[in-house]
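Undergrad: Below are the chains, spelled out letter by letter.
Protein chains: 2
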Amino acid sequence: MYRTNTCGELNLAHCGHEVTLAGWVQRVRDLGAMTFIDLRDRYGITQLVTDEHTPEHVKEAVNHLGREFVIQAKGIVRERASKNKNISTGDIEIEISSIRVLSKSEVPPFTIQNDTDGGDDLRMKYRYLDLRRPMVQQNLFLRANMAHVTRTYLSEQGFIETETPVLIKSTPEGARDFVVPSRMNPGEFYALPQSPQIFKQLLMVAGFDKYFQIVKCFRDEDLRADRQPEFTQIDCEMSFVEQEDVLNTFEGLTRHLLREIKGVEVDVFPRMPWSVAMEKYGSDKPDIRFDMFLHEMTDRLKGKGFQVFESAPYIGGICVSGVAEYTRKQLDELTEWVKRPQIGSKGLVYIKLNNDGSIRSSVDKFYNEEDLKGIAGLMGAKQGDLILILSGEREHTQNALGLLRVEMANRLGLRPKDVFKPLWVVDFPLLEWNEETQRYFAMHHPFTSPKPEDIALLDSDPGKVRANAYDLVINGVEIGGGSVRIFDSQLQATMFRILGFTPAQAEAQFGFLMNAFRYGAPPHAGIAFGFDRLVSMFAGLDSIRDVIAFPKNNSGRDVMNDSPSPISDDQLEELNLIINLPSEK
Amino acid sequence: MYRTNTCGELNLAHCGHEVTLAGWVQRVRDLGAMTFIDLRDRYGITQLVTDEHTPEHVKEAVNHLGREFVIQAKGIVRERASKNKNISTGDIEIEISSIRVLSKSEVPPFTIQNDTDGGDDLRMKYRYLDLRRPMVQQNLFLRANMAHVTRTYLSEQGFIETETPVLIKSTPEGARDFVVPSRMNPGEFYALPQSPQIFKQLLMVAGFDKYFQIVKCFRDEDLRADRQPEFTQIDCEMSFVEQEDVLNTFEGLTRHLLREIKGVEVDVFPRMPWSVAMEKYGSDKPDIRFDMFLHEMTDRLKGKGFQVFESAPYIGGICVSGVAEYTRKQLDELTEWVKRPQIGSKGLVYIKLNNDGSIRSSVDKFYNEEDLKGIAGLMGAKQGDLILILSGEREHTQNALGLLRVEMANRLGLRPKDVFKPLWVVDFPLLEWNEETQRYFAMHHPFTSPKPEDIALLDSDPGKVRANAYDLVINGVEIGGGSVRIFDSQLQATMFRILGFTPAQAEAQFGFLMNAFRYGAPPHAGIAFGFDRLVSMFAGLDSIRDVIAFPKNNSGRDVMNDSPSPISDDQLEELNLIINLPSEK
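Taken in order, these protein sequences are the chains called A and B.
Our numbering numbers the first residue of the first sequence as 1 and each following residue consecutively.
Our numbering numbers the first residue of the second sequence as 1 and each following residue consecutively.
FYI, nobody ran anything at the bench for these hints, they're computed from the structure.
From a predicted model like this one, the values you see are computed outputs, not experimental measurements.
Glycine residues also receive a C-beta, built at the ideal position from the N, C-alpha and C atoms.
The hints are all genuine.
Below, computed lysine to any residue pairings styled on SDA-like, alpha-carbon distance capped at 25 Å: (1) A/K74 x A/N11; (2) B/K417 x B/Q138; (3) B/K216 x A/E230; (4) B/K125 x B/V107; (5) B/K210 x A/G44; (6) A/K104 x B/Q490; (7) B/K216 x A/T152.
The following label-pair restraints were derived from C-beta to C-beta distances: (8) B/R518 x A/L12: 33 to 43 Å; (9) B/I578 x A/E333: 46 to 56 Å; (10) B/S98 x A/N554: 53 to 63 Å; (11) B/R224 x A/N554: 40 to 50 Å; (12) A/V268 x B/A175: 53 to 63 Å; (13) B/V276 x A/E18: 35 to 45 Å; (14) B/R518 x A/K59: 20 to 30 Å; (15) B/N84 x A/E265: 45 to 55 Å; (16) B/L581 x A/G500: 27 to 37 Å; (17) A/D569 x B/N248: 40 to 50 Å; (18) B/R497 x A/K59: 31 to 41 Å; (19) A/G500 x B/R259: 55 to 65 Å; (20) B/E260 x A/D569: 42 to 52 Å.
If we take Cβ atoms under 7 Å as the criterion, some of the chain B residues that face chain A in the derived model are: (21) E68; (22) S103; (23) A144; (24) H148; (25) G187; (26) Y190; (27) D209; (28) F240; (29) A516; (30) I567; (31) N576.
Can you make the complete structure from the sequences, with help from the hints?
TA: Below, the structure is given as structure tokens:
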């Protein structure tokens, strides 16, 4: 062992002890008679000091230290003259008697501290140095801790962590599968799992009863800011349960994590039907830390000659408190904001309830003061409030209003990162109509069971059928989701028919699981949490990248080691592959 | 919830309670007046019973039950007339009042019980049914438990579990890498990690201090009986430590697992130099549950005119107790055994110390009774013992004797599966000479550090240099291994030179890690345990396949879902790949 203690543990109780520390040189301050060295390791920072009593060769060695040198130093712990209350070792320092440079360092490309001078790209290229910064380390330690607390909790609840294969079968519907050529099986490929869905259902057929796994999953899709080609899930499945059993179990896990990790107690998670979430929040992942509900006024605003509204299937608005004083410029800017392609509205109507009691709108031509006051009353608006109204196709406009609602809340500081408001969104539609292909798709996956009371609608009005599917949402972020699975082969056959599969197609794509179901499948249901997202929320971060030790960029590249990269001709030949780049085609 | 209790928890204390159970029908016994149903779930088996008081429709339903049907049954717990002491619920039975078939089953292809009638292939094809057998489930539950105990232990020791990437850089030396074509980076590939070696060393450079991970690794090699293309490691690395620190930490883990999981206390693990292991046991992974040491007699047996021995660089033997009565046929069979290619000896010489006091050998022509008695004395052989002697090139013959030693111990029952004898094999050679390429190779990897006292030999006699490398061996099985790493760039440069790398080649293959080392690398060392093997040893099994939920066969195929498999032309085109099978070349 190169040390007797870490750089985070010494205090006044150790005064007079001879200790040996090892770590990185954070900073050297030469004050002439005395020199101070801040020595850093994972556990903290300890001040080393040389003065007139220090042997010359030690002073000489200290003179040649640079930032990020790795050293070992021996000395006596003594009380500091001027204490530093910001660090755990701030009461003491080490009067060093010997020093040894274990490893030199070139000048690092950015400073190794929380408020570093390195930009994103540089820090990603030198990720091993970025990971030295205490706040980055803390994110990773939080992640490790959350994984361990999760495992302990689920194990104590009788869940069995079971590893499922990473090299799995590639299936015809496997768009966005990463594939792995097999050398031993020429011309054939494995796929990397987008989730262990099939395997966890097989484990239920196998009688494992309660399964979980914290597991890497893979998706070869065009990456958005907050997606990674490999990501981690808390993946679970249970047998002989109904929807409420799953919700209660994973509400328990979430509550336990909030208590153990964040010291936060939360109320019973509300169960909100998807239709209510859309109507009141304009989102299937509502942020319920603040109200600012959507109000529909489709009927109310028609018949006054405003053509935009007259032709709109849906008109709705939100009431934003205390911003009636928004200037024309601010309102124009907000109008531009809702017109962005991500929001996709055609325009924005506003009503200002000025502090002087007057009321003004952008549609004064069509609505008189009485009309406007009526709307304000409907929405519970008061002096100083600003009402923002969008119109258009129902679901699209609700979504736009939902995004506007969150944007206004951000501006008003209504989304504090240290407040956690989880809820369950339930009763999702089972099917989604696709205009392009003129058929229904499963909103979750084809094994998601319809609500029993809606099964009768499967043939008559499939779009109205609700699923036994649920999402856990915290602070407007979808943390996880799952469903009760179909385990009845006749109901499954009906589902396939409605989804437009011929029996042969269903057999080709799902035959493997259907075969297993022929030997006694228990009722089962499951859920998966996005672990990266959960950790980043607990860390108060906006991106999952900051809670991944070695993340990839938006092109799926690891800029630190410059991968992916070409492979040798020998390797290609062994794999029976030829590369055919677009330009060569 | 479909049940009030599991099939493993009811006992006399529950008598009179109304309960609902759910599970699989293990067996139906119709005794006329009464019918007994054994209902099985993960937790056990509970007996359900119908008799003259049972409603007719329930009796009727019971008549149609088959093996592996999934049912839900309600009834009253009552004391059994004839108790079954072999199961936890054997004191009670459930007098059922209602029954519901949740899911029917076709007749399963083999019986779902520990002593099944299904062969290996059939059980692998229907792995989800094989996994219903209690002993197979127990293996997987043991695995989950060992993983959890390991995680808890290492976390408590300050290790941080950190996930490293699965999609990594393919390197030129990456023979046996599985590769993954990148759609977003045409013509480029990721590799799947054979181990997280580089990343864990980077985490040390990043100051993580103590890292661990239970992690999937991948190797595309021709599979032997006990290898899998994907396997699991307990992977660790520590900073500011020396070899003994690593050994003590992981001796602590191993001891903890043996205590917690097996209830076994073991002594301090011996540290055995590699050279001693080879001399005494003929193996770098000696089974020390029994002695039967190798004895060298190269000098002693020469000069008597036996040409085989005269020309042999090494002659050695083992003394096998109590088998002097082996017949000629048995000895011939043993001779054939040592001539098998896996052993590779040219022949076998034996000396029998018969129970009547006489002594006979297969080389009586060259050695008189006095010679033979001398050898017997040297080996501590006594009446009734059989001495077996092999000769040839030193290391090869030691290995052959080591294998013969284990074979004889197996025949004599000297390898009980419930006795655990761990040891550390240390001081491995740093380098291995390769005759074919006429150069040295790193025995572990090029970052393994030489023993400081041997560094002077690096240039003069590289083959003699010992490494700071170590293996944990239990009962003749290599459970794990690791090394102290080089963190000094000059020593590393020397190593590369001796391994025949030009600076440019070293840069191309390892530049990425070497770059990180330029910014202050701490002394560090690590280890990895083969988790599959560790679990199979704890389970008393010979194959790792039995402790993997969904294993692959010797061709790397999953016979359950018939993967790997072809992918579509669209997928190939998106990946810019053309398949070029051998027959088409």
